[in-house]
Amino acid sequence: MRDEDEFIIGPPNKLMLNLRELWDFRELFYFFSWRDIKVKYKQATLGILWVVLQPVLMMLIFTLFFGQIPGIQPEGIPYSVFTFSGLVFWNFFASCVTNAGNAMVSNASVIKKIYFPRLIIPVSAVLSASVDLLITWLLFIIYLFIKQVPLSSSLFFYWPLAFLLTLSATIGLGCWLSALMVKYRDFRFIVPFAIQIGFFVTPVVYPVSRITLPYVKYLVALNPMYGAINLFRQPIMPQTLLDMPLMIISIVSSVSLLIVGILYFKKTELFFADLA
Amino acid sequence: MKPILEVNGISKKFLIGSQKLPYLNFRDKIFTAFKRSKSSQEFWALQDVSFEVRKGESIGIIGRNGAGKSTLLKILSRITPPTQGTIKVRGRIASLLEVGTGFHQELTGRENIFMNGSILGMKNAEIKSRFDEIVDFSGTEKFLDTPIKHYSSGMQLRLAFAVAAHLEPEILIVDEVLAVGDAEFQKKCLKKMEDVTGHGKTILFVSHNMDAISTLCKHGVLLKGGRVETSGAIQDVVKKYLLEMDRNTLSMEEGIVKFIDIQQVKDSLHLVVKFSGDVEIDYPNLGFSIQDIYGHAVTGTNPLKSEIEFPQFRGAREGTIEVVINSPKLARGTYQLLVWFGNRKGNLFETKDPLQFQVDGMAAEQNRNPRFDGFVLPQCEWNIR
Chain A
1 MRDEDEFIIG
11 PPNKLMLNLR
21 ELWDFRELFY
31 FFSWRDIKVK
41 YKQATLGILW
51 VVLQPVLMML
61 IFTLFFGQIP
71 GIQPEGIPYS
81 VFTFSGLVFW
91 NFFASCVTNA
101 GNAMVSNASV
111 IKKIYFPRLI
121 IPVSAVLSAS
131 VDLLITWLLF
141 IIYLFIKQVP
151 LSSSLFFYWP
161 LAFLLTLSAT
171 IGLGCWLSAL
181 MVKYRDFRFI
191 VPFAIQIGFF
201 VTPVVYPVSR
211 ITLPYVKYLV
221 ALNPMYGAIN
231 LFRQPIMPQT
241 LLDMPLMIIS
251 IVSSVSLLIV
261 GILYFKKTEL
271 FFADLA
Chain B
1 MKPILEVNGI
11 SKKFLIGSQK
21 LPYLNFRDKI
31 FTAFKRSKSS
41 QEFWALQDVS
51 FEVRKGESIG
61 IIGRNGAGKS
71 TLLKILSRIT
81 PPTQGTIKVR
91 GRIASLLEVG
101 TGFHQELTGR
111 ENIFMNGSIL
121 GMKNAEIKSR
131 FDEIVDFSGT
141 EKFLDTPIKH
151 YSSGMQLRLA
161 FAVAAHLEPE
171 ILIVDEVLAV
181 GDAEFQKKCL
191 KKMEDVTGHG
201 KTILFVSHNM
211 DAISTLCKHG
221 VLLKGGRVET
231 SGAIQDVVKK
241 YLLEMDRNTL
251 SMEEGIVKFI
261 DIQQVKDSLH
271 LVVKFSGDVE
281 IDYPNLGFSI
291 QDIYGHAVTG
301 TNPLKSEIEF
311 PQFRGAREGT
321 IEVVINSPKL
331 ARGTYQLLVW
341 FGNRKGNLFE
351 TKDPLQFQVD
361 GMAAEQNRNP
371 RFDGFVLPQC
381 EWNIR
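Which chain is which? The protein sequence lines are A and B, in order. Following the numbering used here, the numbering of the first sequence begins with 1 at its first residue and continues without gaps. Following the numbering used here, the numbering of the second sequence begins with 1 at its first residue and continues without gaps.
Calculated from the structure, these hints are not laboratory results. Hints should not be assumed to be uniformly reliable.
[Said to hold, decoys possible] Each computed DSS-like pair below joins lysine-lysine, with the alpha-carbon atoms no more than 27 angstroms apart: (1) B:Lys123 to A:Lys42; (2) B:Lys142 to A:Lys40; (3) B:Lys13 to A:Lys267; (4) A:Lys42 to B:Lys128; (5) A:Lys112 to B:Lys142; (6) B:Lys224 to A:Lys112; (7) B:Lys123 to A:Lys112; (8) A:Lys266 to B:Lys88; (9) B:Lys187 to B:Lys13; (10) A:Lys42 to B:Lys13.
Hey, can you work out the whole structure from these sequences and the hints?
See below:
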């Protein structure tokens, strides 16, 4: 057993991810996510129903107001299906980034009193939001049946890929922001604002084809959710061709976010207890 | 055999002065980026601290507030890294710097046992197998499925300690957590901790309760100003600490109470407390408690207990309260004084660090043995037939 192991507590010097330690603490991921989920819905009378209501209401509102704009209609599918398909991952992304970003500060009392790999906190915030994602996702599939939109079998390739991209971007950004939030509380105000801008910069409620300016589209593709949402839409909009250079930009951006986010987190985590 | 814990030259530096807030401000960062970095003062919370702990040995860490005890515990618990030095650890460490870490008010007792146990490092299976024991120890089985926000604070504490008591690490780090809770529960906790040391486990214990430290630990380390002042047998270390603590006057910059003084004048005690603040105070009230060096109360009171108020004293920002304590007459020895100050609305001040003072020749007596004769001289009429 590892009881006989000898370990050394010393001045910080290395940026190791220490996967073995994360594995040892794997149950804590579950407990933190489980606590977040329990607490989130415990006091709300409608409870888990909110998960269903939120995307449905958003979809209705966007369909009512945006759906009327000429030229916004996507090819081949009803606008409501299109918007819903964007909202599935966008809502997940937005709530994850907000929750994970705040997670270190709101768990400051625990961080100051006990040791465990700090990475568990932002990652668990993402995991707990995954439950909402699954429900919304199922709801979306049901809606596809209602609207009789054919679903291509390519979904077995595109959907997991889209999910992985989203996950990588949210974990990366979540870790990064949670570390920044400990150091600079200003991010508490910056994050909601940035997410609102992000919503309109990402083609969630309008088709990509609306972006016609040549350079702007490269900028838009830097947004990791650009790739994820487009990939997610492929099985319902097979006639739309993916713009490969833009997709690669978006995928690279998503993976880089994961690496940079975790590195920054590891770099600052040792001093969280002193700062928080 | 190698020691289970080897602390080698641990130092910890904090920067003070450069940042007033505990966290940085983005604006400051932007502005300081263009300026030369402001001179920040270095503060060494710990300097070159070394000691060893062998398996099954328990060690008590003592020192005044600010001596570096908490920083040392935080480094040992891996919450914050040392600036210099290393610690070799040969065993599973669990630290209890607080009871109920991670408790959530919305969760039920049952849910919190699992959450808290997991944060403290227990595996799910371990918690399950000890669940009944934990519930039994805490005595909260009736309320297991009630959110703990409906628990009394005592119940929450019992539940929290019950979880912690069922950890099974090789090294247990405990900070002052016993300072709260009722006396009976404290005894139960101490008993549990003694059991733990009896089973070859190692405890590292920080407390102001010298009684608890002396019973639990065989060795002690006395910290002063971030350095090890003495280490060795617990009795010697405790004695040295108590000698150092003597002071019967306390002046403070912050807070509403600025000055406390206790003096023996012939055979009574004179207590003087001065207060001043920014707000007007109506009906000030002062309570005191005189305790032995182990923190057991000898005597204490406040005017409300005798239904005395100071109605004439209203709307002043400062004042002085003098108390002449004529009885009981205390036996010779070292005592501690705790002071509480407040008004009708509630607490305004409480001493965190007790004042320590000597009493000598107050009661005519000879050969008093504090162990049997206590602190006050009885007034008796003796009849022998």
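Tested hints:
no. : hint                 : verdict
1   : B:Lys123 to A:Lys42  : holds, 25 angstroms
2   : B:Lys142 to A:Lys40  : holds, 25 angstroms
3   : B:Lys13 to A:Lys267  : holds, 18 angstroms
4   : A:Lys42 to B:Lys128  : holds, 24 angstroms
5   : A:Lys112 to B:Lys142 : violated, 32 angstroms
6   : B:Lys224 to A:Lys112 : holds, 23 angstroms
7   : B:Lys123 to A:Lys112 : holds, 22 angstroms
8   : A:Lys266 to B:Lys88  : holds, 22 angstroms
9   : B:Lys187 to B:Lys13  : violated, 37 angstroms
10  : A:Lys42 to B:Lys13   : violated, 43 angstroms
Violation of the numbered hints given earlier is confined to hints 5, 9, 10; the remaining hints are satisfied by the structure.
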